[in-house]
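Participant: Here are the chains, one letter per residue:
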Amino acid sequence: DTAVSQTPKYLVTQMGNDKSIKCEQNLGHDTMYWYKQDSKKFLKIMFSYNNKELIINETVPNRFSPKSPDKAHLNLHINSLELGDSAVYFCASSLQGSGANVLTFGAGSRLTVL
Amino acid sequence: SQKIEQNSEALNIQEGKTATLTCNYTNYSPAYLQWYRQDPGRGPVFLLLIRENEKEKRKERLKVTFDTTLKQSLFHITASQPADSATYLCALDNDYKLSFGAGTTVTVRA
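From first to last, the protein sequence lines are chains A and B.
So the first sequence is numbered by this note's numbering: it starts at 1 and just counts up by one.
So the second sequence is numbered by this note's numbering: it starts at 1 and just counts up by one.
Hint data in this document are derived by calculation from the structure and do not stem from the laboratory.
Errors might be hidden in some of the hints.
[Stated by the list, open to error] Interface residues of chain B toward chain A, partial, derived using beta-carbon atoms under 8 angstroms:
| no. | residue |
| --- | --- |
| 1 | Y28 |
| 2 | Y32 |
| 3 | P40 |
| 4 | P44 |
| 5 | K57 |
| 6 | T87 |
| 7 | L89 |
| 8 | K97 |
| 9 | F100 |
Glycine is no exception: its CB is placed at the ideal position from the N, C-alpha and C atoms.
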């Protein structure tokens with residue numbers, strides 16, 4: 001199946017821990033994103049990579065570090081987790097230069113920090 | 001500051017009626033505007049895109065209008081069905097990134 005897949009789907013962890021979320025797309029897209037959706041359902045962009053190069057870095061704490069080993073993968077590592085990091089994190093991808101930035105989203109990774 | 005406002009958090013309508021959702025924006029000059037659908041526990045799914053030089057776009061029972069003077073888009077679901085129940089998000093391009101409104105949750109009653 002062509003898709004954006006992210007793992008894990010659920011993540012429950014203690015405050016202070018470090019965790020990673022992985023994302024892979026097989027759509028042949030060249031740009032990938034991380035979005036955060038909080039409890040009020042507001043979807044906010046965090047990072048974007050185009051061909052492994054960071055192009056968008058919103059005001060996000062340094063504890064969040066994205067990594068793109070190749071244009072099909074974008075991982076998100078979070079250090080020293082805090083209660084406020086609890087949210088659903090969505091990975092997405094798109095094809096730049098296609099005339100419009102239409103995003104394909106993954107199913108989301110729900111992070112709960114206790 | 002930049003804002004994207006969707007008219008209401010929730011919209012309840014009777015099956016067969018038309019649902020109309022509003023997306024207003026300030027301090028954006030988008031080249032295009034998009035609408036996405038999000039079901040509970042899932043990621044948003046792209047529905048329609050309308051460019052700044054287009055007044056109206058249709059796809060099956062969906063219709064989108066875009067008024068750059070009013071800075072507003074209207075999203076219509078005609079002959080609504082219970083399967084249309086979901087949250088609908090509008091999104092604007094802004095410096096190579098897509099910014100989303102908070103969404104309107106539509107519930108269609110049988």
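Participant: If a hint holds in the structure, say so; if it doesn't, say that too.
Facilitator: Right, here's what the structure says about each hint:
Using the Cβ-Cβ criterion of 8 angstroms, the hint placing B:Y28 at the interface with chain A is not satisfied: the shortest such distance is roughly 14 angstroms. Interface restraint check: B:Y32 against chain A, minimum CB-CB distance 5 angstroms, threshold 8 angstroms, status holds. Taken as an interface hint, B:P40 does not check out: its beta carbon lies about 10 angstroms from the nearest beta carbon of chain A, beyond 8 angstroms. Hint status for B:P44 relative to chain A: holds, with the closest Cβ pair at about 5 angstroms, below 8 angstroms.
The interface hint given for B:K57 is violated, since its Cβ lies 12 angstroms from the closest Cβ of chain A, which is over the 8 angstroms cut-off. With a least beta-carbon distance of about 7 angstroms to chain A, the hint placing B:T87 at the interface is held under the 8 angstroms criterion. With its C-beta approaching chain A no nearer than about 7 angstroms, B:L89 sits inside the 8 angstroms limit, and its interface hint holds. At a threshold of 8 angstroms, the smallest CB-CB gap from B:K97 to chain A is about 5 angstroms, leaving the interface hint in force.
Hint status for B:F100: holds, given a least beta-carbon distance of 4 angstroms to chain A, under 8 angstroms.
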